[in-house]
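Spelled out from the first residue to the last, the chains are:
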Amino acid sequence: MSLFLQQIINGLTLGSIYGLVALGLTLVYGILHIPNFAHGALYMVGAFMSYFFMVDLGAHYWIAMAGSAAVVAVLAILCERLVFHPLRHSPPIHDKIAAIGILLFLEAVVQMFWGSDFRRMSSPFTGILNFDGLIIPEQRLLIIAGAFVLVVALQLFLRKTMTGATIIAMAQNRDGAFLVGIDANRVAMMTFAISGMLAAFAATLYAPINLVYPAMGHLVIMKAFVIIILGGMGSVPGAIVGGMIIGFAEALGGFYISTSYKDIIAFGLLVLILSVRPQGLFAKGAH
Amino acid sequence: MFKFASLLMTPAAKYLMLAFAVLFPLVAANEYQVYVMATAFVWAIAVYGLNIITGFCGQLNLAHGGFFAIGAYTLGLLTADYGWSFWPAFVGALVMTAVLGFLVGIVSLRLKEHYFAIFTLCVGFIIYLLIDKWEELTHGAIGVRDIDAPYGFGLVDFTETTPFYYLVLAFLVFAIWFMGRLSKSLLGRTFIAIRNGDELAQSLGINLMRNKVLAFVLSTTYAGLAGALYAGMVRFIGPDAANIQHTFDMITYLLVGGIGTIMGPLLGTVGIVWITQSLQFLEEYRMIIFGPLLVLLVIFFPRGITGSFLTWMHRKSQALAPAKKRQERKVDTAQNREAESNA
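As given, the protein sequences belong to chains G and A, one line each in that order.
Residues 1 to 287 in UniProt numbering are what the first sequence lists, from first letter to last.
Residues 1 to 343 in UniProt numbering are what the second sequence lists, from first letter to last.
None of these hints come from the bench; they were simulated from the model.
Because the structure is a prediction, the values reported are computed rather than measured.
All clues given are correct.
Taking lysine to aspartate or glutamate pairs in the DMTMM-like style, the calculated list, with each CA pair at most 20 Å apart, reads: (1) K160/G x D183/G; (2) K262/G x E135/A; (3) K112/A x D198/A; (4) K133/A x D240/A; (5) K112/A x E199/A; (6) K262/G x E136/A; (7) K133/A x D81/A; (8) K262/G x D132/A.
Coverage of chain A stretches by chain G, computed from C-beta distances (three or more under 8 Å per stretch; other residues unrestricted): (9) 52-65; (10) 112-122.
Heads up, the beta-carbon is just placed ideally off N, CA and C, and yes, glycines get one too.
Using the sequences plus the hints, can you model the full thing?
This is how it looks when you write it as structure tokens:
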């Protein structure tokens with residue numbers, strides 16, 4: 001039983017991280033209809049920025065996290081301004097190729113500065129809590145709590161503030177949003193900034209129980225894509241639910257079926273679901 | 001300038017290029033250069049495959065590198081583990097990639113645009129994971145050793161670099177010839193119609209699914225062909241052959257050369273392979289240059305070298321036309337039409 005609970009905790013941890021990354025991806029997709037393949041690179045840069053602030057500048061974990069979120073937000077805004085904005089009238093295939101270009105560039109730059117070695121990032125939360133045989137490392141609790149706080153904060157921002165409402169409005173109806181005078185450029189930049197920040201938070205939360213290396217974004221971004229397809233592209237609740245589904249499937253599948261094939265589970269699930277329902281699990285209709 | 005440029009459009013230019021390719025091993029400074037050229041040609045064949053599904057049919061297939069690896073592994077495993085000789089295994093590799101391409105195609109092509117790209121990205125990754133983890137079949141991370149070189153029927157020894165170069169060249173010429181025929185055929189035009197819009201194509205009575213699957217199978221077979229040749233040349237393959245990086249590389253080659261053109265894949269691949277070769281330090285950091293290059297290309301020159309050249313030629317000839325006699329204009333536009341259908 002306690003082994004099962006352990007897997008539940010693992011599933012929650014993984015699901016929180018995947019959910020945060022997928023949230024950023026789905027927000028950008030909802031607004032601009034771009035599948036941002038570079039999102040995984042932003043996640044990776046987020047981890048390296050935190051690493052840089054902590055190890056090279058000696059900053060505290062929280063300060064490193066805030067600094068990394070700020071850097072990645074600026075980077076995401078630059079991507080929007082310099083790449084996706086000029087491509088807004090191009091055929092969709094161009095956006096995808098450009099996003100791949102950004103991904104390759106960011107990875108190469110990080111590799112140039114830090115090399116392709118695997119690095120360990122420490123965290124001040126190294127304790128282990130023991131609940132009657134159920135062992136939970138503090139960092140995992142922090143991940144779950146952190147993701148919860150971020151999701152609630154995002155929801156409040158989107159629902160309760162005027163600026164948040166403009167993002168929702170544009171996702172719902174682009175032309176309608178223009179008609180009531182919403183500034184598309186502002187919304188696009190803000191969405192990219194939020195998505196970049198979420199990626200940086202997720203990376204900084206997850207890095208201490210994982211490793212930091214230039215290719216770390218690959219698997220995460222692909223799973224995030226699986227999640228937003230499951231949850232419906234552009235749907236915020238869908239990204240969170242989808243993240244949890246994949247997180248639990250991986251934790252339980254990795255434990256009860258096979259550890260070496262656990263990464264295939266998410267993709268196998270996607271292939272299976274899309275074979276039956278080409279428009280996604282919760283989507284009302286394909287775009 | 002224009003006159004010189006229009007020479008490039010004549011058939012003579014193609015034969016000149018072919019002659020250069022045939023003579024290349026004689027003028028090359030050393031065997032290594034021949035080897036690099038042969039590698040470039042192998043990749044070019046795979047890029048032609050990507051051009052069919054992505055350039056002509058408009059579906060961004062991110063599993064292309066995976067099918068390349070399947071071709072290479074099929075050939076490698078059949079010759080190294082199951083004792084097949086090269087040519088039957090070669091045919092086996094083509095059949096394998098075609099069949100798997102068909103199976104993946106009928107599932108993935110029901111999806112549109114972004115969904116298709118993401119789905120194939122995942123398929124590519126599944127292929128990589130299977131190759132890496134399924135140790136009983138693929139030897140996992142150790143890779144496959146002792147792959148047979150092509151059997152020369154006692155006439156040629158394909159373990160030598162230069163004979164192998166000519167073998168690859170022969171396949172490349174066939175691949176380009178087939179591509180040229182395809183682009184002029186009804187089937188090629190059908191693919192282009194699909195690229196221009198699903199609904200429009202469907203309203204013309206085109207069976208979307210059947211044509212898309214056909215384009216997909218053709219493209220994966222090209223990838224399998226290239227993969228099998230690669231395995232026969234390097235004679236060792238590891239899971240890295242299925243790395244997504246190869247797919248990204250091929251997209252770069254295709255885009256630089258000119259997506260949806262006949263000569264684009266060749267020019268892009270050979271050009272970039274030589275640039276990275278001559279700047280060795282670039283090998284590891286090449287993406288610092290090629291990443292932004294991809295972005296700049298899709299923003300400013302989405303049709304690549306070949307496409308931009310053809311557009312320029314077209315405009316130029318349009319501008320010159322009124323000054324000439326009517327008769328000449330007729331010839332001119334006929335040429336343009338041909339040039340455009342080539343594009």
